[in-house]
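When you get a sec, could you build the whole thing from the sequences and use the hints?
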Amino acid sequence: MGAILKAAQRDNWATQYQAKVAAVISNKANAAGLVLAREHGVATEVIDHKVFANRDDFDAALMKHIDSFATPGNPPLVLLAGFMRILTPGFVNHFVGRLVNIHPSLLPAFAGLNTHQRAIDAGCQVAGATVHLVTPELDHGPILAQAVVPVLPGDSAATLATRVLSQEHLIYPRAVAGLLQNI
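-4 is the number of the first residue of the sequence shown in the working numbering; add one for each residue after it.
In short, the hints are calculated from the structure, not lab data. Any given hint could turn out to be false.
[Unchecked claim] Pairs of lysine-lysine, DSSO-like flavour, derived with a Cα cap of 27 Å:
#1 23 x 59
#2 23 x 1
#3 23 x 45
#4 59 x 15
[To be verified] Okay, the calculated beta carbon distance ranges per label pair:
#5 -3 x 109: 22 to 32 Å
#6 145 x 59: 38 to 48 Å
#7 143 x 25: 28 to 38 Å
Owing to the predicted nature of the structure, the values given are computational and were not obtained by experimental measurement. Heads up, the beta-carbon is just placed ideally off N, CA and C, and yes, glycines get one too.
Here it is as structure tokens:
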């Protein structure tokens, strides 16, 4: 998320694409991304999933809040960054083609959690990250960008994660800029 905020300002997305980061929304009040967003002058909101009776109710509230940032003829592009909740099909379908996620593996390999350790355990020689459009099937949407890093002898999940994260910071803003160019 920080890389996206920086790229939006550095590359002047407001002028170049008539786009801006309108808000950062988290389901956790202590999310570090909220502080970073405020430092960049971006509106923030916390919608605590724990106060809702079920996933559908939370997703409906989140969808309504995101939609409040839309302008006529300009629906929001929704970027997930560190948002570790599975979204309902209704939410995903509402934002179809405009809901983007980054995943710390070379999809379709290692969808879900614990990707770095799973890559090491499988004996992979490379790992990486994938930016993709979100579909109702977890981590299986159309791929927008990928980056590859080597799995080094002696790697732990943490050391591999650090190298993958450095690539995530490069490919996510590029993929978003590519989407904005074509909107």
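Okay, the hints, checked on the actual structure:
1. 23 x 59: holds (18 Å)
2. 23 x 1: holds (22 Å)
3. 23 x 45: holds (10 Å)
4. 59 x 15: Holds, because 19 Å separates the two Cα atoms, which is no more than 27 Å.
5. -3 x 109: 22 to 32 Å: Holds, at about 24 Å.
6. 145 x 59: 38 to 48 Å: holds (44 Å)
7. 143 x 25: 28 to 38 Å: holds (33 Å)
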